[in-house]
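4 protein chains.
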Amino acid sequence: MNKNRLEAFSDGVIAIIITIMVLEIKTPHDTSWMALREQLPVFFSYLLSFVFIGIYWGNHHHLISALSHVNAAIIWSNMNLLFWLSLIPFATGWMGENRFAQNTVILYAVLLLVCGLSFTILQICVERVTKNNPKLVLALSRVMQKSVFSVVCYSISIVLAYYNTLFSAIIFCIVAIRWLIPDKNIEKAITK
Amino acid sequence: MNKNRLEAFSDGVIAIIITIMVLEIKTPHDTSWMALREQLPVFFSYLLSFVFIGIYWGNHHHLISALSHVNAAIIWSNMNLLFWLSLIPFATGWMGENRFAQNTVILYAVLLLVCGLSFTILQICVERVTKNNPKLVLALSRVMQKSVFSVVCYSISIVLAYYNTLFSAIIFCIVAIRWLIPDKNIEKAITK
Amino acid sequence: MNKNRLEAFSDGVIAIIITIMVLEIKTPHDTSWMALREQLPVFFSYLLSFVFIGIYWGNHHHLISALSHVNAAIIWSNMNLLFWLSLIPFATGWMGENRFAQNTVILYAVLLLVCGLSFTILQICVERVTKNNPKLVLALSRVMQKSVFSVVCYSISIVLAYYNTLFSAIIFCIVAIRWLIPDKNIEKAITK
Amino acid sequence: MNKNRLEAFSDGVIAIIITIMVLEIKTPHDTSWMALREQLPVFFSYLLSFVFIGIYWGNHHHLISALSHVNAAIIWSNMNLLFWLSLIPFATGWMGENRFAQNTVILYAVLLLVCGLSFTILQICVERVTKNNPKLVLALSRVMQKSVFSVVCYSISIVLAYYNTLFSAIIFCIVAIRWLIPDKNIEKAITK
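Protein chains in written order, with the working numbering: chain A, 43 to 234; chain B, 43 to 234; chain C, 43 to 234; chain D, 43 to 234.
I should point out that these hints are in silico values taken from the structure, not numbers from a laboratory. A hint or two may mislead.
Identical chains blur together in the list; that is why a pair holds if it fits in one copy or across any two.
Derived BS3-like pairs: lysine-lysine, alpha-carbon spacing no greater than 27 Å straight-line [stated by the list, open to error]:
| # | residue 1 | residue 2 |
| --- | --- | --- |
| 1 | K177 | K68 |
| 2 | K188 | K45 |
| 3 | K68 | K45 |
| 4 | K68 | K188 |
| 5 | K45 | K177 |
| 6 | K177 | K188 |
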């Protein structure tokens, strides 16, 4: 099994997921700025999901590039990740349309949690296959640290949503920023 | 004719089919958990189809990687398979929206049957072109066995749907699990 | 300018065009077979367009594989072809929903005509760049013959649609079959 | 980080953006030519956006092909560009459905402006990484000139939309034509 095709297929699915979300932003029938402003929560939920899926794409790329060969466990843990990612447009739409209502934020946080766990499962499967390179081991352990941090944050955001969904949204942003800061260790390990 | 482009095009179409199905899961206008729970049958039908299309993608990959060159018969039997696969989102949506009603399950089973037969036709076209490698012949014969098993199961599930659609759903799951269990013979034949 | 990316982009656009058409087949809210049968014209218009876009994909592949390098004329005549192809889902949906009503068939035939002309323009641009190989010149001249045949047929089908749209549909099928019959000259020229 | 995957992912997203716009052209339920003619503004807005996204695709290709390696700044400025491009179908739909009403044209112009600035940011990130080749420096400076010209034009078109949206539309066309004229310097720099 060739890893290029796994990469190409995953890229295709992620590219479609990230783009079809925009279909959730319905064009207002009215041409007033007010009508447009009512779409703002939908826009922000789209922006948030776009950033998260972009982060997943980047990390997925790093993970697969570290891979020497593909086995059945990797194919199916990858499929599992893609399945949960593919539900993000649904959760994003529900959250945006209902202006970050409590239940919708909880569902979104649960979905991010499941995606985070699915990514960790994929990473464990990849690590089993590639254990030789010490720099890579370091880089992957850093990604794992961030994943654990994210999973903890998502769990907290689920609890906080019962008090105020704004806190949950702030935690989502913190997680996103944590991933967006480039990690020198990973870049070094990958490039060399 | 270059097999890379056939692979890339098929990957693209399969990636789109697997992802646009999620557009069938309409966001409930209500934010109650009850409203979400009403989407559960749609979610399960999506999950089922995601797994089936994932299986087709994996097998399609194995089949094409076994291929040495592409002829007109392969292009058109591949197009035939993609056509029937592209109808899965429609059948999935109809089945999910109507909570696995009898007619919708029958249509779904018939479509899976036609997809199974289309895959077998593609496999026969591929086998005609590549006959030299004994390990590959063994691997392809194992895939064929599974295909025959699936086609028989789909036929049974069509009949059973007239009694209880739950039986049909169970048979769909049995077929999926049968394919998900990795086959050492195929992996060996492909990797070596 | 690298022809691989032109190919990859065109493949992506064609794969999306061929797949989003299936979104036009709305799931009936009713579970009766009658409700499904009412979608039959939509199904047939989808099948017809799937075959036509499949043919364009195959020919596009042959054309680009004959290409040595890419210039601005090729990029924009390719974009022109993709633009008209991208309108096929719209024309297909209009024709299918209205059960092959006169005006919808005329629009569909006009669109096929414009697509045919756009392909011919692309071919002329490709031929200007690659003139050396005699077998290729022969193969391209055969494709050109078929294109001229198609354009004439589409023009006739537009006129016939004023009498009976069934005649137009028959002509569409004749054109499709004419292209589906594999041409030994082209295959030889490409493979050698 | 490998630039091929960046290219493949961007191509995928751009191909999807350019194609899903066609879903905005709703099929009229009526089969009269009048009903079709009412879709003309939608068609023209689609045509305009198709040309603009096509131009972005071409320039994006040139930019990435000039790149020797990928860093975090390039990944995220590329993601930023893709985000704004992904909103074009929304702005196009709003403008087309409301027959180029004032507010919709202003939003469209603002979006084009933001896309232009995002492209410029990406170009600056790319230039930081690749500074050696003098021909390439010349080519990139020409692209930058055109980008500045475009950004100025978009700003003017926003102001003009308050008087007459027709003037804005004319300016959009001028910008498009300016980019469509092939630039010998860029082609030379890239091919050699």
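>> Taking the earlier hints as the rules, which of them does this structure contradict?
In response: The structure conflicts with hints 1, 3 and 4, although it agrees with all the remaining ones.
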